[in-house]
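Visitor: So in my numbering, spot 14 of the sequence shown is number 14, and the numbers just go up one at a time.
Check before you lean on any hint, since a few could be wrong.
To be verified - With a Cα cut of at most 25 Å, we get these calculated BS3-like pairs of lysine-lysine:
{"id": "1", "residue 1": "244", "residue 2": "19"}
{"id": "2", "residue 1": "141", "residue 2": "19"}
{"id": "3", "residue 1": "141", "residue 2": "217"}
{"id": "4", "residue 1": "233", "residue 2": "244"}
{"id": "5", "residue 1": "244", "residue 2": "30"}
Said to hold, decoys possible - DEER-style ranges, computed between Cβ atoms:
{"id": "6", "residue 1": "22", "residue 2": "240", "range": "41 to 49 Å"}
{"id": "7", "residue 1": "22", "residue 2": "193", "range": "44 to 52 Å"}
{"id": "8", "residue 1": "112", "residue 2": "76", "range": "47 to 55 Å"}
{"id": "9", "residue 1": "84", "residue 2": "142", "range": "41 to 49 Å"}
{"id": "10", "residue 1": "91", "residue 2": "170", "range": "14 to 22 Å"}
{"id": "11", "residue 1": "76", "residue 2": "30", "range": "24 to 32 Å"}
{"id": "12", "residue 1": "34", "residue 2": "193", "range": "20 to 28 Å"}
{"id": "13", "residue 1": "159", "residue 2": "99", "range": "35 to 43 Å"}
{"id": "14", "residue 1": "12", "residue 2": "135", "range": "19 to 27 Å"}
Just so you know, these hints were derived from the structure itself, not from any lab.
Computed from a predicted model, the values in this text were never measured in an experiment.
Every residue gets a Cβ at the ideal spot worked out from N, C-alpha and C, and that includes glycine.
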Amino acid sequence: MAARLDGVEMHHDTAFSVKAGQVLRFDFPKDGARTYLAVAGGIDVPLVLGSRSTYTLGALGGFQGRRLAADDQLPIGTPSGKGRVGASLPMALRQSLGGEVYLRVVPGLYYERLTEFAATSFFSEAWTVGSEADRIGYRFKGGRALTFQPREQPFGAGSDPSNIVDSCYPIGSIQVPAGLEPIVLHRDAVSGGGYAMIGTVISADLDLIGQMQPNQKARFVAVTLEDALLARKSYKKKLACLSKLFAS
Numbered sequence: 001m002a003a004r005l006d007g008v009e010m011h012h013d014t015a016f017s018v019k020a021g022q023v024l025r026f027d028f029p030k031d032g033a034r035t036y037l038a039v040a041g042g043i044d045v046p047l048v049l050g051s052r053s054t055y056t057l058g059a060l061g062g063f064q065g066r067r068l069a070a071d072d073q074l075p076i077g078t079p080s081g082k083g084r085v086g087a088s089l090p091m092a093l094r095q096s097l098g099g100e101v102y103l104r105v106v107p108g109l110y111y112e113r114l115t116e117f118a119a120t121s122f123f124s125e126a127w128t129v130g131s132e133a134d135r136i137g138y139r140f141k142g143g144r145a146l147t148f149q150p151r152e153q154p155f156g157a158g159s160d161p162s163n164i165v166d167s168c169y170p171i172g173s174i175q176v177p178a179g180l181e182p183i184v185l186h187r188d189a190v191s192g193g194g195y196a197m198i199g200t201v202i203s204a205d206l207d208l209i210g211q212m213q214p215n216q217k218a219r220f221v222a223v224t225l226e227d228a229l230l231a232r233k234s235y236k237k238k239l240a241c242l243s244k245l246f247a248s
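Work out the full structure, taking the sequences as your base and the hints as a guide.
Guide: In structure tokens, the structure reads:
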């Protein structure tokens, strides 16, 4: 998504100054689904549940708990450092956009309830992002139906084999309602419900999902909990490097 300041295209992943009265515009994205705009000092809105982001469904947080509209004026906080105009993000820290995406998954407690064929198909087949793709969740299509083994449902669970007694949903957890298509729950998803979770996309890969467009291909890759923890540690180091680069 190209950024233009008074009509002049600016480099991505690079800090630049903007004077009062100048206009910053963004073109339609060619790769990826979202552009992140970081402002020195941050957007100075109240913290809600430890975050300044907006949960539009619940009208919580952010700027008046809603989507931004024309003529909104956002308060800017005081920068913690001098900032570094011209600083650019090294290629090693940049997120690759477009193409087939590999999403690492820790298989969950209910993965064993898939049929043997479905369990193999989930990790071996390519999936396609459907039209239902937002901060609530991403539905993936194109693979074979992920059927569950039949069983006598316990008291409190629904009648379908994909149903369980209500449980908590981790961010990134994967549910398969009616044993059809996998849905990855994202940041604004519900926190619990009655669908079996066959696995969880690791936290280090959630931002990869957030940049995926409908019809983009993805493959799920099984990893261990130890792999997930190492990936999270590495990801946090990258974020720390990014913060130090632009704030110092």
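Visitor: It remains to establish, for every hint, whether it holds in the given structure.
Guide: Consistency of the hints with the structure:
1. At roughly 24 Å between alpha-carbon atoms, residue 244 and residue 19 fall within 25 Å of each other, so this suggested pair holds.
2. As the CA atoms of residue 141 and residue 19 are separated by approximately 46 Å, the hinted pair breaks the 25 Å bound.
3. Between residue 141 and residue 217 the CA atoms are separated by roughly 9 Å; this keeps the pair inside 25 Å, and the hint holds.
4. With a CA separation close to 17 Å, the supplied pair residue 233 and residue 244 stays within the 25 Å bound.
5. Between the alpha carbons of residue 244 and residue 30 the distance comes to roughly 29 Å, so the proposed pair goes past 25 Å and is violated.
6. For residue 22 and residue 240, the Cβ-Cβ distance of about 31 Å falls outside the hinted range of 41 to 49 Å, so the restraint is violated.
7. Here the CB-CB span from residue 22 to residue 193 is close to 47 Å, well matched to the stated 44 to 52 Å.
8. At about 51 Å, the beta-carbon gap between residue 112 and residue 76 stays in the expected band of 47 to 55 Å.
9. Distance hint check: the CB atoms of residue 84 and residue 142 are about 44 Å apart, consistent with the given range 41 to 49 Å.
10. Look at residue 91 against residue 170: about 32 Å separates their beta carbons, and that is not inside 14 to 22 Å.
11. About 29 Å separates the C-beta atoms of residue 76 and residue 30, a value consistent with the hinted range of 24 to 32 Å.
12. With their beta carbons about 26 Å apart, residue 34 and residue 193 fall inside the hinted range of 20 to 28 Å.
13. In this structure the hint that residue 159 and residue 99 lie 35 to 43 Å apart at CB holds, the actual value being about 41 Å.
14. With their beta carbons about 22 Å apart, residue 12 and residue 135 fall inside the hinted range of 19 to 27 Å.
This entry does not satisfy hints 2, 5, 6 and 10, going by the numbered hints stated previously.
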